[in-house]
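Visitor: Here is how the chains run, residue by residue.
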Amino acid sequence: EPEVTQTPSHQVTQMGQEVILRCVPISNHLYFYWYRQILGQKVEFLVSFYNNEISEKSEIFDDQFSVERPDGSNFTLKIRSTKLEDSAMYFCASSGGWGGDEQVFGPGTRLTVL
Amino acid sequence: GESVGLHLPTLSVQEGDNSIINCAYSNSASDYFIWYKQESGKGPQFIIDIRSNMDKRQGQRVTVLLNKTVKHLSLQIAATQPGDSAVYFCAEKVGFQKLVFGTGTRLLVSP
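Sequence order for the protein chains is A and B.
According to the working numbering, the first sequence is numbered sequentially starting from 1.
According to the working numbering, the second sequence is numbered sequentially starting from 1001.
Just so you know, the hints here were simulated from the structure itself, not pulled from any lab data.
Warning: the hint list may mix true and false statements.
Some chain B residues flagged as far from chain A (calculated, every beta-carbon gap over 10 angstroms) [to be verified]:
| hint | residue |
| --- | --- |
| 1 | 1010 |
| 2 | 1014 |
| 3 | 1029 |
| 4 | 1052 |
| 5 | 1061 |
| 6 | 1063 |
| 7 | 1072 |
| 8 | 1081 |
| 9 | 1104 |
| 10 | 1108 |
Rough simulated footprint, nothing fancy, chain B against chain A, three-plus residues with beta-carbon under 8 angstroms [what the hints assert, rightly or not]:
| hint | region |
| --- | --- |
| 11 | 38-45 |
| 12 | 60-72 |
Derived EDC-like pairs: lysine to aspartate or glutamate, alpha-carbon spacing no greater than 16 angstroms straight-line [to be verified]:
| hint | chain 1 | residue 1 | chain 2 | residue 2 |
| --- | --- | --- | --- | --- |
| 13 | A | 57 | A | 71 |
| 14 | B | 1098 | A | 101 |
| 15 | B | 1098 | A | 63 |
| 16 | A | 42 | A | 53 |
| 17 | A | 42 | B | 1039 |
| 18 | B | 1098 | A | 3 |
| 19 | B | 1071 | B | 1055 |
| 20 | B | 1098 | A | 56 |
| 21 | B | 1068 | B | 1039 |
| 22 | A | 83 | A | 63 |
| 23 | B | 1098 | A | 102 |
| 24 | B | 1037 | A | 102 |
| 25 | B | 1098 | A | 59 |
| 26 | B | 1042 | A | 3 |
Given the structure is predicted, the values throughout are model-derived calculations rather than measurements.
Here a beta-carbon is modelled for each residue, glycine too, at the ideal position from N, C-alpha and C.
Could you put the whole structure together from the sequences, leaning on the hints where they help?
Guide: What follows is the structure, encoded as structure tokens:
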């Protein structure tokens, strides 16, 4: 069964450093997303991406965040200058193609900012 | 600073019982709803979805009921098994593609 993959599984960084979280969405999907989940809290939408541009973003997704699809398979989330409160699980998801609206989630990257 | 985690409602059942997990959603314009299962340390896993033009949809051992009048969604799991133990989230699609997740319910299944 096709799946979304994410690397790394765990990233530890110092406050103020830049991090790039990587995702490989399902190959025939057209819509890509990032969500985050702070420990013990609910999953929160960050951004959606379609046709090489952001289609929607939340108020969390400020100028410190950016997304990119650098090639035909990867989808990345960059946090330019990490803050302590960026510590969370970051989930990539994809949807679309010939299917419906189901968003398939990856296993997540745990980001720890020290 | 430290984030304060939400207190998750917990449903404890015996193996073989039927489970019902409830969810209230907020946006009356939402037209698509999904139930996700999340096991510890993993990403949300799709269980079943329903569109707003339906009030019931059945899958394998799961049924989703939608009551648009009171903006309520429920997930019924038949013959619950220990492997069903997880946190269950409802989510509604708001706008073009954004999913808004509910708080979640922890399901504990005892053998």
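Visitor: A separate judgement is required for each hint: does it hold in the structure or not?
Guide: Hints and how they fare:
Here residue 1010 (chain B) stays apart from chain A, with its beta-carbon at least about 13 angstroms from theirs, past the 10 angstroms limit. With 10 angstroms as the threshold on Cβ separation, the claim that residue 1014 (chain B) sits away from chain A holds: the shortest Cβ distance comes to roughly 27 angstroms. The beta carbon of residue 1029 (chain B) is kept farther than 10 angstroms from every beta carbon of chain A, the shortest such distance being approximately 15 angstroms. With a closest Cβ-Cβ approach of about 12 angstroms to chain A, residue 1052 (chain B) is found to remain outside the 10 angstroms limit, as its non-interface label requires.
At roughly 18 angstroms, the least C-beta separation between residue 1061 (chain B) and chain A is larger than 10 angstroms, which holds for a residue marked as non-interface. Separation of residue 1063 (chain B) from chain A is adequate, the least Cβ-Cβ distance of about 18 angstroms exceeding the 10 angstroms criterion. With a least beta-carbon separation of about 18 angstroms from chain A, residue 1072 (chain B) lies farther than 10 angstroms from that chain, consistent with its non-interface assignment. Distance to chain A confirms residue 1081 (chain B) as a non-interface residue, since its nearest Cβ pair spans about 20 angstroms, more than 10 angstroms.
The Cβ of residue 1104 (chain B) does not lie farther than 10 angstroms from every Cβ of chain A; its closest approach is about 6 angstroms, which violates its non-interface assignment. The Cβ of residue 1108 (chain B) lies farther than 10 angstroms from every Cβ of chain A, with a closest approach of about 17 angstroms, so its non-interface assignment holds. Restraint check on the region 38-45 of chain A versus chain B: 8 residues with Cβ-Cβ distances below 8 angstroms, three needed, restraint holds. With 0 residues carrying a beta carbon less than 8 angstroms from a beta carbon of chain B, the region 60-72 of chain A misses the three-residue requirement, and the given coverage is violated.
Only pairs whose Cα atoms come within 16 angstroms are accepted, and residue 57 (chain A) paired with residue 71 (chain A) is rejected, the gap being roughly 22 angstroms. For the hint linking residue 1098 (chain B) to residue 101 (chain A), the alpha-carbon distance of about 11 angstroms falls within 16 angstroms, and the restraint holds. Between residue 1098 (chain B) and residue 63 (chain A) the alpha-carbon distance is near 19 angstroms, which puts this suggested pair outside the 16 angstroms criterion. A distance of roughly 26 angstroms separates the Cα atoms of residue 42 (chain A) and residue 53 (chain A); the hinted pair therefore is violated under the 16 angstroms criterion.
Distance restraint check for residue 42 (chain A) and residue 1039 (chain B): the Cα-Cα separation of roughly 13 angstroms lies within the 16 angstroms cut-off, and the hinted pair is therefore satisfied. For a cut-off of 16 angstroms, the pair hint linking residue 1098 (chain B) to residue 3 (chain A) is broken: about 20 angstroms separates their Cα positions. Taken as a hint, the residue 1071 (chain B) and residue 1055 (chain B) pair is honoured in the structure, with Cα atoms around 11 angstroms apart against an allowance of 16 angstroms. In summary, the hint linking residue 1098 (chain B) to residue 56 (chain A) is supported, as the alpha carbons are separated by about 7 angstroms, within the 16 angstroms threshold.
At roughly 29 angstroms between alpha-carbon atoms, residue 1068 (chain B) and residue 1039 (chain B) are farther apart than 16 angstroms, so this suggested pair is violated. Pair hint residue 83 (chain A) plus residue 63 (chain A) holds up; C-alpha atoms about 13 angstroms apart against a cutoff of 16 angstroms. Note on residue 1098 (chain B) and residue 102 (chain A): the hinted pairing holds, with a Cα-Cα distance of about 12 angstroms set against a maximum of 16 angstroms. The hinted pair formed by residue 1037 (chain B) and residue 102 (chain A) meets the criterion: a straight-line CA distance of about 14 angstroms does not exceed 16 angstroms.
Among the hinted pairs, residue 1098 (chain B) with residue 59 (chain A) is consistent with the structure: their alpha-carbon atoms are about 13 angstroms apart, no more than 16 angstroms. For a cut-off of 16 angstroms, the pair hint linking residue 1042 (chain B) to residue 3 (chain A) stands: about 13 angstroms separates their Cα positions.
Going down the numbered hints, you'll see the structure goes against 9, 12, 13, 15, 16, 18 and 21, while the others check out.
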